[in-house]
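J.: Since chain D is already given, all that's left is putting chain U on it; use the hints.
Protein chains in written order, with our numbering: chain D, 110 to 221; chain U, 422 to 536.
Hints in this document: simulated from the structure, not taken from any laboratory. The structure displayed is predicted, hence computed values, not measured ones. Even for Gly, the Cβ is constructed at its ideal location relative to N, Cα and C. Heads up, a few of these hints could be off.
Taking lysine-lysine and the BS3-like style, the derived pairs with C-alpha atoms no more than 25 Å apart in a straight line are [what the hints assert, rightly or not]: (1) K112(D) x K478(U); (2) K220(D) x K112(D); (3) K478(U) x K213(D).
Listed next, with one range per pair, are the computed distances between beta-carbon atoms [stated by the list, open to error]: (4) Q471(U) x N132(D): 30 to 38 Å; (5) L460(U) x R190(D): 19 to 27 Å; (6) K178(D) x T441(U): 25 to 33 Å; (7) G424(U) x K112(D): 23 to 31 Å; (8) A174(D) x R485(U): 40 to 48 Å; (9) T135(D) x E489(U): 41 to 49 Å; (10) R167(D) x S487(U): 37 to 45 Å; (11) K213(D) x E489(U): 36 to 44 Å; (12) G424(U) x S218(D): 23 to 31 Å; (13) A474(U) x E124(D): 43 to 51 Å; (14) S426(U) x P130(D): 30 to 38 Å.
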Amino acid sequence: DAKTTQPNSMESNEEEPVHLPCNHSTISGTDYIHWYRQLPSQGPEYVIHGLTSNVNNRMASLAIAEDRKSSTLILHRATLRDAAVYYCILSPPGGSQGNLIFGKGTKLSVKP
Amino acid sequence: DTGVSQNPRHKITKRGQNVTFRCDPISEHNRLYWYRQTLGQGPEFLTYFQNEAQLEKSRLLSDRFSAERPKGSFSTLEIQRTEQGDSAMYLCASSLLQGAYNEQFFGPGTRLTVL
Chain D
110 DAKTTQPNSM ESNEEEPVHL PCNHSTISGT DYIHWYRQLP SQGPEYVIHG LTSNVNNRMA
170 SLAIAEDRKS STLILHRATL RDAAVYYCIL SPPGGSQGNL IFGKGTKLSV KP
Chain U
422 DTGVSQNPRH KITKRGQNVT FRCDPISEHN RLYWYRQTLG QGPEFLTYFQ NEAQLEKSRL
482 LSDRFSAERP KGSFSTLEIQ RTEQGDSAMY LCASSLLQGA YNEQFFGPGT RLTVL
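Chain D on its own, in the form it takes in the complex (with noise of 0.2 Å):
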């Protein structure tokens, strides 16, 4: 399975954009990005997922690298509510493989 790599953790102030990095140099042509975050004391939630090109939606954007080895999740204006665990996740199409493979992903902090 193709792995990630993320910072431990970082820190946002209110209200400010905040770009979380994820490094997968070994991703194959056919790997979707996920991002799923998880706050405390709750199950993962989706946040957005790509495959090559980059992806906005009504919670953040992914702007994905042209070789594809790298991604970033932008959160446009970080709010207290944000503060979570961001995971960066691959997996190939859902009809051949379901499971999500987490690492140990990026402890968001925001201060007001």
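T.: Same frame as chain D, now just chain U:
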């Protein structure tokens, strides 16, 4: 539909006892997953079902662990002869397999403490 639910939310048991957890997925989701999470670590995959068929089991799932999804709806995870090392958060997730993407929706988890 309010999402994936898990019961109980907390379970304290003595070493050697059996415990059973239940997961109710989102209606019509055909895939159901079990994960285990210990403090400071990301969730680790245990097993998953597509409808009632158990399609994959992790090496983490020792013979003391068994999971079922009898009618393709709710699922149970049983741990026999619990050990202190089984203390963890047990997470359930469900998804609707459509095309190539497979977003998983997680429940709040069941926290197991083995004394």
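J.: Does each hint hold? Answer for all of them.
T.: Structure-based check of all given hints:
1. K112(D) x K478(U): With a Cα-Cα distance of about 20 Å, the restraint between K112(D) and K478(U) holds, given a limit of 25 Å.
2. K220(D) x K112(D): violated (30 Å)
3. K478(U) x K213(D): Holds, at roughly 21 Å.
4. Q471(U) x N132(D): 30 to 38 Å: Because 32 Å falls inside the window, the suggested range holds.
5. L460(U) x R190(D): 19 to 27 Å: holds (23 Å)
6. K178(D) x T441(U): 25 to 33 Å: violated (44 Å)
7. G424(U) x K112(D): 23 to 31 Å: holds (30 Å)
8. A174(D) x R485(U): 40 to 48 Å: holds (44 Å)
9. T135(D) x E489(U): 41 to 49 Å: Hint violated: Cβ distance 35 Å, outside 41 to 49 Å.
10. R167(D) x S487(U): 37 to 45 Å: Between R167(D) and S487(U), where Cβ atoms are some 40 Å apart, the hint holds.
11. K213(D) x E489(U): 36 to 44 Å: Once the Cβ atoms are compared, 31 Å apart, the range 36 to 44 Å for E489(U) and K213(D) is violated.
12. G424(U) x S218(D): 23 to 31 Å: holds (27 Å)
13. A474(U) x E124(D): 43 to 51 Å: With Cβ atoms ~48 Å apart, the hint holds.
14. S426(U) x P130(D): 30 to 38 Å: Holds, at about 35 Å.
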